[in-house]
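Chemist: Below, each chain spelled out in residue letters.
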Amino acid sequence: MNFAMQLLRSQGVLVVLLLLILFGALRYDHFLGQFNILSFLRYNAMFALIALGMCFVIMTGGIDLSVGSTAAMSSVIAAYVSPYGLLPGLVAGAAAGLAVGVLNAILITRLNILPFIATLAGMLAASGTGLLLAHNESIGVSYDSGFTDIGQGDVLGFPIPAWLAILAYLLGSLALNYLPFGRNVLAVGGGEDAARLMGLPVDRVKFTVYALSGLMAGLAGVQLAAQFGAGQPTEGVGWELFSIASVVVGGTLLTGGVGSVGATLSGVLLLGLVFNILNFENGMGLVSLRAHWQSILRGAFLLIVVIIQSRLALRVRRNA
Amino acid sequence: MIEHVPLLAMEGIDKQFSGVPALVGASLSIDPGEVHALVGQNGAGKSTLIKILTGAYRKDAGMISFTGKSVEFTSPEAAQRGGISTIYQEINLIPFRSVTENIFLGRALKRYGLLNWSKMNEEAEALLRRFDVKIDVRQPLFAYNTAIQQMVSIARAVSFQAKLVIMDEPTSSLADHEVEVLNGVIRQLRGDGFSVVFVSHKLDELYAVCDRVTVMRDGRSVATARMADISKLELVATMLGRDLQTVKREGQTAFHGAGHASDRTLIVAEGLRVGTRVKDASLSVRAGEIAGLAGLLGSGRTEVARLIFGADQPDAGTITFDGKPVAFRQPIDAIAMGVGFCSEDRKVEGIVPDMSVRENLTLAILPRLARSGIIDEARQSEIVDDFVAKLGIKTTGPEQKIRELSGGNQQKVLLARWLCMNPKLLILDEPTRGIDVGGKADIQALIRALADSGLGVLMISSELEEVIEGSDRVFVLRDGRTVAELPRSAVSELAVMTAMAQGEATADGRVG
Amino acid sequence: MAVSDRPTAGAVPAIATELGPWLSRYGTLAALALLILFNLAVTRNFATWQTLNINLTQVATIVIVAVGMTLVIASGGIDLSVGSLMAIAAALAPLIFLNRIVTFPSLYLGVAIAFVVPVLLAGLFGLFNGWLITRYRVQPIVGTLILFIAGRGIAQSFTDSNQVIFSTPEFQFIGLGRFFGIPVQVIIMVVIVVLAAWVLRRTVFGKQILAIGGNEAAARLSGVRVDRIKQLVYAISGLCSGIAGLIVIARNSAADSNLVGLGVELDAIAAVAVGGTLLTGGRASVFATLIGALIIQLVRFTLLANGVPDAAALVVKAGLIILAVWLQRRVAT
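Residue numbers (my numbering), protein chains in the order written: chain A, 1 to 320; chain B, 1 to 512; chain C, 1 to 333.
Next up, chain A with everything else stripped away, as it sits in the complex:
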C-alpha cells in the first residue's frame, strides 16, 4: 500500500500511462498491433521533441510560446532545401529553429524582457517569416533526394522519428541528471537569486535553454515536412500550449526548479494516447466520441495535475 502510494507519487504519469495502455490493449483488437504502435510513435515524435525543449525552458522558470510557429517556419525551410538531400534539409531546418531560439534568448537575457512577451514576439516573427517564405502555401518536399526518409523511413523496423526522439530524450536525460548544466537549469528555476549568490552562470543557463528549445522546434519542423511531404507554414497553431500541458502533466512545475525528462515523455505519450484511444473507441462503433473529447480529457488531466502540484507547492512554502 505504502509502496503503491510512493510509486504513484514519483511515477504518477507513467502509472496512468501504463493503465491507459492496458485499458486499450484489453478493449481494442489492434491496439497493440504493430501498425498502431509504429504510426503512433512516428506521429508523436515531433511533439516529443518540442516538449523536451519546453521542459528545459520551464525548469528554469521560463516559458517559450514560439515553438509551434518555429516548427512551421522550419518545415518550410527544410522543404525548400530538401532537394539537396536529407542532411542539408535537416541542418537547414534545425538551424532555422536555432536562430529563433537565439533571438528569444537575446531578448530575454540581454534586454530583460519577460519570457512570455519575448517568445510571443518570437512566435509572431517566426510565423510571419514562414508564411512569407512559403507565400502562404504548402511547399512540397522533394521525394527523390531521400529527405523524406527522416520522417517516413525505418531503421531496424522502427520509425526514424521515434529513434530521433529516443536519442534526444536520452541526451536530455543525461544532461539533466549527469551534467552540471542540467543541475544549474534546475537551480535557476528553483531560486534565481539563490543561484546567483551561489555563483552559478544564470544568464548563460537561460540563454542555452531558449536556444535549445528553438533547436528542438526546428527538428520538429523537419519532421513535419518529411512526414507529411510538405513544409506547412500554417501548422503549429497552439502547439506551444499543448506542449506546455504535456510538460506540466509530466510533473514539471511551471514555476521552475522541478522537472523530469522521462516524465515529460510520459506526458506527451499520455496526451497523445487520449487521442489514439478515442479513435479506437469510435472504430468500435458503439458510441461516437468525437475528437473534442480529447481536448476535454487533456484539460481534465491538466486540472488534476495542477491541483496536486499546488498541494506540493504549499508544502514547500510551509517548510521554507
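It is worth saying that the hints were derived from the structure and are not from the lab. Every residue, glycine too, gets a C-beta built ideally from N, C-alpha and C. You may find that some hints are simply not true.
[As the list claims (entries may be wrong)] No more than 25 Å apart at the CA atoms, straight line, and that leaves these computed lysine to aspartate or glutamate pairs for DMTMM-like:
#	chain 1	residue 1	chain 2	residue 2
1	B	Lys51	A	Asp193
2	B	Lys51	A	Glu192
3	B	Lys347	C	Glu216
4	B	Lys232	B	Glu178
5	B	Lys347	A	Glu192
6	B	Lys401	C	Asp310
7	B	Lys51	A	Asp203
8	B	Lys347	A	Asp193
9	B	Lys110	A	Asp203
[As the list claims (entries may be wrong)] Beta-carbon label-pair distances, calculated as ranges:
#	chain 1	residue 1	chain 2	residue 2	range
10	A	Val91	C	Arg44	41 to 49 Å
11	B	Asp132	A	Leu174	55 to 63 Å
12	B	Ala327	C	Pro169	57 to 65 Å
13	A	Gly33	C	Ala217	52 to 60 Å
14	A	Ile307	B	Ser70	52 to 60 Å
15	B	Ser75	A	Ile307	39 to 47 Å
16	A	Asp29	C	Leu107	45 to 53 Å
17	B	Gly275	A	Asn112	33 to 41 Å
18	C	Asn162	A	Val237	17 to 25 Å
19	C	Leu195	A	Ile307	28 to 36 Å
20	C	Tyr26	B	Ala316	54 to 62 Å
21	C	Pro169	B	Gln313	52 to 60 Å
22	C	Leu107	B	Arg371	36 to 44 Å
Given chain A, put chains B and C in place with the hints provided.
Modeler: Just chains B and C now, kept in the frame of chain A:
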C-alpha cells in the same frame, strides 16, 4: 608570546547611500576560532557592514584584512571563494533540490566528465555527520525542517573551505530544541578552528554560544566586549545608546503627564500563539490610550499585531473586542469593527507605489465613499484635501504618485488612510521608522492628539524613548511571550530594558 | 524614488532619455497619428468612411477581448482561455435561437436568450478560472491554460464538432447591422471600452483591481477582498470573450467552434503590450489597449494596402511588441 593576529579586521569603514551615512568608521575584528556576536538596533548598520564584507556593497572608505591580507571582494561569490561564507536570514538555498545538490551546486564532483553522484552523496553525508546530522541527502531540501536546512547551509559553507561563517539571524525561525542543535554545531565549528559571526537579537542565545560581542549603533561600532564581561542589561543599554547609570537614576522618577485613558477596554488579546514566533502573548488597549508594545527585534511584535488585525490566524488564544469575543478571518473583518493597521514595511505592505496620493489615502475607505460602487469623487477630494492639510502632507497635489513622496509624507498618507475611517483602534507598527527628525515629531504629536481624542492606539516601536514617552502603558514581549505589563507609573527605560533583557521587570516595574 | 535593481541594458543617447517620459505617455498615440498621416499621404482611398469601417470592424472583437485582458493584467494576472470561451459562447448561441435545445414560442425570445445565456456561461467559466487561481494559488498562466485546452472541446461538444450555418438577421445585426452607418459591433466595442475605462477610473472595484496588481499585500491589509475581486476580474474577461464570440458568428453567418477565437489570446495580449501596459500589473489603461489594437490593425492595413503580404505584418507586429515593452521598461527603471 604569540602575536595576536585577527582572522578578520575591518577598520574605519564608511558607507553612504545617496548622501545618507549608513556606516561611519565602523570596525569589526574577529579572532581565529571565535564566535563573535554582532548586535544592534534596526538601522544600526549591521547588515551594511556584512554586505560590504561579503562584496554585496562597495565601501566608501576603510580597510579590510582577512587572514593577514588586504582584501576587497566584488561579489558574494568572490567572498565565498575567498573563504567567507554567509548564511542568510532567508535561507539562500534551493528548496526543490536535494540536500547533496544544495551543498555541491557550483562545485560539481565529476568522473568521466559526468557528475559523480555517489561520491557527492557520500561527501555530503560525511559533512553533515560532523554536525551529528544523519539524514537522507538524496531527499529534496524542503522535506526537512528549517534547522536541518541551516545545517545544510553550514555544510555548504564548510565544503567551500570557508574560514569565516557569517550567520545572519539564523535562529529567527527555529524552535527551541532546534536552536540547541544549532548551538551545538556552532560550538563544533569553533572547535574545528572556524570563526563565526553571529547576528541575532535573542540575548540568551548570544550568551549561550558567543565569545565576544560587537555592538553597533548609528553606523558606528560602539563597543566590543567579552560576553562574560557584559551583563544583558548593559548590552541592551549600549544597543539603545543609554548610559546605565543615568538610566538607573532617571528610572526612579515617574513620568509626568496624565494618562487620558478611559476605563473602556477596547481590545483584549490573551494567550496568542502562532508558529515559533509567538508563544504566549497577551495585551489590552483602552480607548483613549497609547499602549506601547516593546521588545527586541524578533520578539514577535509584528506577528502579534498581524494576529490582532486578522492578517494571520492564531494557533491558539482569544481576542475580545469591545467586550465581545471576535475571530477576524481577514483584515476586512477587523476593519469593519473599526481597527486600522499601519504595517512596519511601508514599501512592501503599505503603499501602492504607482497609485496617487489620493488613491492611496482613500484605499481603505473607498467602499464607504461609494454609492452602488461608484466613487463619490467630491467627497473623496474633500477627505483628501482635509487630511493633506490636517497632517501637513507635503505633496505637489493629490494626483502625485505616492512613491515620489518622502518617507515621512508616505507614512502620513498611510496614517490618513486609517484616520479617515474614524477607527476605534489603530495599530501602528514602527510608525516613525526611516523618517527624518522633523517628520518624526509631527507624527508623534499626531498620534498623541489622536489618543487624546479617544482613539485607542497600539504602538510598536524599537525606539525606546518613543515607547516610553509616548505610551500610557507598555507591554514587553520577549521571545514571543508577554513578560511585562508596565502601567504609566512604572514605565521607565530601566524597567523596559530589564524586561527586554531578562524577561522580568525589576523593582521599578510590576511583573507582568 | 524608484530604484532599479538591475543595470539598464546598453547605453542610450541623452535625447532618448529625455524623450522617455514623453514617449511613454504619448508614444502610442503619436505612433497612431503618424500611421494615419502616412496613410493619408501614401495609401489611395484611405480617407474614406469605408476604410474606417473596415479597420474598426476587423479590430472590434480583439478589442473587446483585450478589454477583459487589460483588467486581468491590471490585477497582475493573465488569461489564456479567452479564445476557447469565445468558442463556447459561439457554439451555444445558434443552438438556442435555432430552437435546437428547446423550442421558443417567439424568435425574438430565442434570440434574446441566445444573447444572454452564452455570454453568462462564458462568464461562469471565467469565474472558474478565478476560483482555480485564488483557491489553489495556481499561476494564472497554468490556471487558464486548462480551459484554453478543455474549453474548445466543450464548445465542440455542443455541436458535435460540426459547423452550424444560419441566416437569422434578428441575431446577426450585432455583426452585420449598422446604426447611422456605424457597424453595430463597433458601437458595442466603444461602449465596452468606455464602460471599462469608467470602471477603472470611477469605481471602487476598478481601484481595487489596480491596488491588487500594484501591491497585493497592501491591498489585503487595506481591506480589499483580494480573492473575490480576482474571481470577478476573470469572470469579466469571460463575459467579454462571450460577447466577442457572438459577434464573430453573427458576422460569419456560421458558428465553427474549431475556429472561433483561435489565437485571439495572443492578439489581445499583444494589443495590451503595444498599448504600453506592463504585464506586471498595477497600471492599466483601457484606452491605451484600444490604441495598441488600432496600431496593430493599422500597420497590418497599411502594409496590405501597399502590397506588402499579410505575413510581413506579423513580423512587424513582433517588432512593435518588443519596441513597446522595451520602451516601457526603460521608462519604468
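Chemist: Are the hints correct? Go through all of them and say.
Modeler: Consistency of the hints with the structure:
1. Lys51/B / Asp193/A: 15 Å, holds
2. Lys51/B / Glu192/A: Holds: Lys51/B and Glu192/A sit about 19 Å apart, inside 25 Å.
3. Lys347/B / Glu216/C: Between Lys347/B and Glu216/C the Cα gap is close to 12 Å, so the pair holds against 25 Å.
4. Lys232/B / Glu178/B: 23 Å, holds
5. Lys347/B / Glu192/A: With a Cα-Cα distance of about 22 Å, the restraint between Lys347/B and Glu192/A holds, given a limit of 25 Å.
6. Lys401/B / Asp310/C: Violated, because 42 Å separates the two Cα atoms, which is more than 25 Å.
7. Lys51/B / Asp203/A: Given that 25 Å is the threshold and the Cα spacing comes to 23 Å, the pair holds.
8. Lys347/B / Asp193/A: 20 Å, holds
9. Lys110/B / Asp203/A: This hinted pair holds, its Cα atoms lying about 23 Å apart.
10. Val91/A / Arg44/C: 41 to 49 Å: 45 Å, holds
11. Asp132/B / Leu174/A: 55 to 63 Å: 36 Å, violated
12. Ala327/B / Pro169/C: 57 to 65 Å: Given range 57 to 65 Å: holds, Cβ gap about 59 Å.
13. Gly33/A / Ala217/C: 52 to 60 Å: Given a distance of about 58 Å, which is inside 52 to 60 Å, the answer is holds.
14. Ile307/A / Ser70/B: 52 to 60 Å: 57 Å, holds
15. Ser75/B / Ile307/A: 39 to 47 Å: 41 Å, holds
16. Asp29/A / Leu107/C: 45 to 53 Å: Given range 45 to 53 Å: holds, Cβ gap about 50 Å.
17. Gly275/B / Asn112/A: 33 to 41 Å: This hint holds: roughly 36 Å between Cβ atoms.
18. Asn162/C / Val237/A: 17 to 25 Å: With Cβ atoms ~21 Å apart, the hint holds.
19. Leu195/C / Ile307/A: 28 to 36 Å: 35 Å, holds
20. Tyr26/C / Ala316/B: 54 to 62 Å: 58 Å Cβ-Cβ, so the 54 to 62 Å window holds.
21. Pro169/C / Gln313/B: 52 to 60 Å: 58 Å, holds
22. Leu107/C / Arg371/B: 36 to 44 Å: 39 Å, holds
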